[in-house]
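A.B. asks: Take a look at the letters that make up each chain.
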Amino acid sequence: MPLAFAHEGAVVKVLQVKAGRGLARRLRELGIFENQLLRVVKSCGPGPTIVEVLSGSVPQGRPSCVLTSCYYHRMGGRILLGFGISMKILVEEVGNQ
Amino acid sequence: MSVVSDIKLKRMKIALAGIPNVGKSLIFNQLTGGRAWVGNWPGVTVEKKVGKIRIGDNELEVVDLPGIYSLTAYSVDELVARNFIVEERPNVVVCILNAANFERSLYLAISLLELGANVVLDLNMIDIAKNEGYEVDYVRLQSILKVPVVPTIATEGCGIDELKKAILSAMKERRTYVGIVDYGADVEREIRRLKSLLEELAPELCRKYPSRWIAVKLLEGDEDILSKVSKLPHGSRMLEEVERSKRSLRRRVEDLESYITECRYRKALEIAQQVLKRIKTPEVTLTDLLDFVLTHKVLGMPIALSIMYLLFRFSFEVSAPLVDTIDIIMNHWLHDWLLSLPGLPESLKSFLADGILTGIGSVLVFLPVIAFFFLGFALLEDVGYMARIAFIVDKIFHSFHLPGKVAIPLVIGFGCNVPAVMAARTIEDENERKVAALIAPLSSCNARLPVYMVIAGAVLRAYAGAVILSLYALGILLALIVGWLFRKIIFKGPSTGFILELPPYLSPKLSNVVLKTWERTKRFLFKAGTVILLGVVVAWLLSVSGPGGYLGPKALEAPEVLERSWVGVIGHVLAWAFAPMKWDWRACAALLFGFIAKETVVGTMGILYGVGEERITEAIMRSFTPLTGYAYMAFVLIYVPCLATIAMIRNELGLKYSLLALIYEVILAYFVALSIVGIGHLMGIR
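For the protein sequence lines, the chains are L and U, in the order given. Mapping the first sequence onto my numbering, position 43 (from 1) lands on 43, and the numbers just tick up by one. Mapping the second sequence onto my numbering, position 91 (from 1) lands on 91, and the numbers just tick up by one.
Fair warning: there could be bad hints in the mix.
Unchecked claim - Derived BS3-like pairs (lysine-lysine); straight-line CA-CA distance at most 25 Å:
{"id": "1", "chain 1": "U", "residue 1": "K49", "chain 2": "U", "residue 2": "K165"}
{"id": "2", "chain 1": "U", "residue 1": "K48", "chain 2": "U", "residue 2": "K164"}
{"id": "3", "chain 1": "L", "residue 1": "K13", "chain 2": "U", "residue 2": "K395"}
{"id": "4", "chain 1": "L", "residue 1": "K18", "chain 2": "U", "residue 2": "K49"}
{"id": "5", "chain 1": "U", "residue 1": "K395", "chain 2": "L", "residue 2": "K18"}
{"id": "6", "chain 1": "U", "residue 1": "K208", "chain 2": "U", "residue 2": "K146"}
None of these hints come from the bench; they were simulated from the model.
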């Protein structure tokens, strides 16, 4: 599912970034790459999103209900991803707050 | 210290680097005592700024750079920063870390260390990090990175002296840590192989950059370094070797480029884990609360419009008494006093009173409105609201094939179009950036405001406020439509979207807000004293002389004489061209002077329609109907903002595009004014 469709408040795991080279690199520099966890702070579903990058990746075998921001350190400022980019980042929801 | 080393120090260059919105410009100001613009949104600085710093007896050159996330440029402003650091190799790079955005800051610091830069780390915003619930163990950080770390709170000036000391000692003792990131055994083996090959085949390049860095960049596929190597005598051999390394790694690493950046990123995360200490559990912050409302799906847009509306009401209402005061002083007392001066020749009196004083006076009357607008604007900037606007409008802008980030130049354009064109630099995609720079002038700047106020005040009276707002809306709407057309016809291509890191909301610093308001207002005053003055002097000269020779100041008292002046001739020719709109020839002549700067339209009208505000108002009421007045204001909104903006477009995009801007704006202005009159007539409005 593209990030643009994710629910507000959801914690998602990045599955794939279908972006060109420059864009993919910029996203990596901001901490958005495969297997990273993001919290969707705002979503105009479907539309632009505001996300927080959570440090750490999904722990194996952990139930998804513990994925709250208390367990994960929020990394840096919030990132605004325009509609176009939010469509290019494929994610799966792994938890909700 | 010896004399020799003193001279050496004086030639040294210090660069300030950091991720966007980390407070580089603020630290630059505090180091140099300068007045670079600062603001709470990423992309305030789009060009490098140079200043001098005094440390003891040494005067050193400090360069403030636009924000970057890494040494790989993605947008034009980032290219400015990368080129400076990579090409000019400053003696010391002060890398400013945001303690509240630690991992990303660290990523950049690591990139700089790999380049072999002589880095001093400035750990800024430690107060904000503390509010968010954690601390950075900077002593530990210093021992991990092996370079000096100085904690600062730039907004309060804490730690700046220590930073200066650290810079000075870094100049004397260079410390580097090129091998900070371990890329894993396989990649490291190839790096070593390429490194020794580089040292053998490209010794010159290895003198400029650490060979390890070049090797990593080659594997990463950095276009700039690849082209540098290809130009070397043994370039093609070297590139073959790089391909060989890539082939041999392909079996183990799927995508080498992302593998390398991820290694670097994981290193940043690893260090962050070692030095970050949580001191309290995170609470709901003010930023969370404000963002809940301000970027709300439904409420966001109406709130943004209300904020804009408030900004305008604030600047009109609060400034009203001051406007009246300036009007009385400039246009009545001073004017009458000048005319009553004995012993001055009539023509000189007229030149001073009817020319310069009336011309400049009719513009300066609006100084308080503009100053209060800038004050409100600086407040919004400092709080951190600006970046949010990009989110709120993105969905709408997206349907016009424009990224929401275009909103930033457009909003800056409400103040002045010149910085608005420059602000387009932060837009990543080249096509979108060009479109943004070309449509930014459609955003209604403060220089147009006096024209609206004079005309709307005269012919639309009670509706003036609403009408003026409608012009701002018209500007934005046209910007979107023209932007969409440009994207469809000239600058085709997929919309790549945009990324913007949102700043936290901060309470505005009074000194900063006042300083910024003053700097911008000063620019308006300066313009009044130069360009606008020149415009009105020319307008006066062309009014008192004509094809038949010198007419004398009586031209400004008798309309039938004025018609024989140059202005009269030009005005009548233009009035013929604008015949469908039924504009007065004097208003048409004023448009010509408006090419220089929009304020000159009012200045010229002041001269041509007679003296003092009341008489302008009456004269305008006689020559405009509400409909033709509105069409005139729309024309003023759309046709060329000022010469300075066109020059800035030329600077940014080249002559071709500045001409394109000039032509499309004049045509669009004519078309829109004509449509307004036409539609108005159909609806039976006069």
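A.B. asks: The structure should be examined with respect to each hint, and the outcome stated for every one.
C.D. replies: Going through the hints against the structure:
Between U:K49 and U:K165 the alpha-carbon distance is near 22 Å, which keeps this suggested pair within the 25 Å criterion. For the suggested pair U:K48 and U:K164, the alpha carbons sit about 20 Å apart, so the restraint of at most 25 Å is met. About 24 Å separates the Cα atoms of L:K13 and U:K395, which keeps this hinted pair within 25 Å; it holds. Only pairs whose Cα atoms come within 25 Å are accepted, and L:K18 paired with U:K49 is rejected, the gap being roughly 37 Å.
Taking the CA atoms of U:K395 and L:K18, the gap is near 20 Å; set against the 25 Å cutoff, the hint holds. Distance hint between U:K208 and U:K146 is fulfilled; the C-alpha atoms sit about 22 Å from each other, no more than 25 Å.
Violated hints amount to a single one, hint 4; each of the other numbered hints is respected by the structure.
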